[in-house]
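Chains as they are written, first to last, in this note's numbering: chain Y, 1 to 89; chain U, 1 to 345.
Hints are computed from structural coordinates only; laboratory data are not their basis.
Treat the hints loosely; a few may be bogus.
Unchecked claim - Computed footprint of chain Y on chain U; a stretch qualifies when at least three of its residues, placed anywhere within it, have a C-beta under 8 Å from a C-beta of chain Y: (1) 23 to 37; (2) 52 to 64; (3) 224 to 230; (4) 336 to 342.
To be verified - Here are the computed distance ranges between Cβ atoms for each label pair: (5) Gly79(U) to Met1(Y): 52 to 62 Å; (6) Thr55(Y) to Thr19(U): 53 to 63 Å; (7) Asp104(U) to Arg86(Y): 55 to 65 Å; (8) Val52(Y) to Ala25(U): 48 to 58 Å; (9) Thr14(Y) to Arg203(U): 24 to 34 Å; (10) Ala26(U) to Thr55(Y): 48 to 58 Å; (11) Val88(Y) to Ile73(U): 50 to 60 Å; (12) Lys75(Y) to Pro70(U): 49 to 59 Å; (13) Lys201(U) to Lys75(Y): 48 to 58 Å.
Quick reminder that beta carbons are idealized off the backbone N, C-alpha and C, glycines included.
One letter stands for each residue in the lines below.
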Amino acid sequence: MAAPTATASLNASTYSPGDQMTLTVSYGDADTRPVTVTIVVTDAQGNSSAPVKVTAVIDPLTLSVADDSGRTWAKVSDNGSVAVHRAVA
Amino acid sequence: MPRVTVTVRDNGGRTATATADYTIAAPVLGGYYLSGGADPTADMAGGNFRSLTQYRSFADGYIFPGYNRPWLITLGRSGVKMNMVLELKHYGAPNTGPQTFTVDGTTYTVPAPAMTIQQRPGTTWPRAYGYSQVLAGLCDGLFARALSQYRTLGFGVNIQLASELDTDHEFGTTESGVTYTWAQSDARAVQAMTYIVDWFKARALPAGTTFSVGVAGFDRACYQRVHPEPLMAKLDFLQWNVYATNATHTALARFRRPKDWAVADLGPIALSRPVLIAEWGVRVAEIPNQAAWIATVPAAIAQLNAERGPRIVRTNYFNSGWGTLSPKETGLAALRAAYATRPYV
């Protein structure tokens, strides 16, 4: 089992009060894999159902953001490897 | 410094964390200057004015707070940040000769100013103490006098050496009969400014003392020449002045011009310094609606500060010369409104 990785970057180092702040998180884990399970039910007479697909993630990741100044960060987007959060300075 | 911490956790409880630090800047200080170095207290009343520019000649016997300027002490002690422009330029009669005076028991004799600056053809060239005179130690008495007075103020100030080196040098300078080109004058000024900053920093200074050198900021090559890294390492601010003198001038473009040059041309030490706008103004002849132009300034400053490069931290409106507010009350109302707006609050 591999450990996850994460990097975080802000769009600036200094903000004026009221500025919009953008945090970009890149993350991943070598074990994380999407899987798709396709099920077909076949009876004794050989009749098969239409295939049904379900998806799942092996070793899913959860991402949390904390700010020691108490600022609230809201998730804007997350595609599973890059997440963008915003806050107000 | 606030820190944001990101934690990624997998299904097995293994985690990765990453952090990013940031700073929330203090609001930009809205500031002022009133023509003639007059008492600005009444104009500033009721507005979010937190910064002030003043001009003194080292030749003057009354630099801090200035002759008959007790209000400067009152304002400074109430928290208004002072930008004291101290000039080698001599403001003229009386007393353009040598001076002998005593500072804290030591008697100094300082020779007559031997340089001319602002040598615009067809004008009378002002006198100034020469850069060679400074480097020879002949002006140390002027600095000692200023420092002695400064120590009685009760608060720290920014000492801006020279008002506008580019304006001073644009047409060359002359010291003791020797002429120097603009570029030569810049190089000599850098040496002299370094000498003066070193002189002050070698002595006990009031807490909060900072230094900068003054430049109008209308010439890119000059701006680069007078901001070498060894000098910037001794200085606390970048500085430039901003005037709208054409109907096409926008606040964003005018405040941005020297910033773009700085970002392109200056070194990392210079770019680590915040920007003090010692003067900004709108010339009513070309821009009759001064108030409307002033109203665009907060957003321009906010935008510039959101971009890469040094941040503008003080902007002092120059109610004199090109920036004279006319009508005054309309202009002051516009300034009060602007300084009540982000990023000034």
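Against the structure, the hints come out as follows:
no. : hint                              : verdict
1   : 23 to 37                          : holds (count 5)
2   : 52 to 64                          : violated (count 0)
3   : 224 to 230                        : violated (count 0)
4   : 336 to 342                        : violated (count 1)
5   : Gly79(U) to Met1(Y): 52 to 62 Å   : holds (58 Å)
6   : Thr55(Y) to Thr19(U): 53 to 63 Å  : violated (33 Å)
7   : Asp104(U) to Arg86(Y): 55 to 65 Å : holds (58 Å)
8   : Val52(Y) to Ala25(U): 48 to 58 Å  : holds (56 Å)
9   : Thr14(Y) to Arg203(U): 24 to 34 Å : holds (32 Å)
10  : Ala26(U) to Thr55(Y): 48 to 58 Å  : holds (50 Å)
11  : Val88(Y) to Ile73(U): 50 to 60 Å  : violated (39 Å)
12  : Lys75(Y) to Pro70(U): 49 to 59 Å  : holds (57 Å)
13  : Lys201(U) to Lys75(Y): 48 to 58 Å : holds (49 Å)
In terms of the numbered hints stated before, the structure departs from hints 2, 3, 4, 6, 11, listed from lowest to highest.
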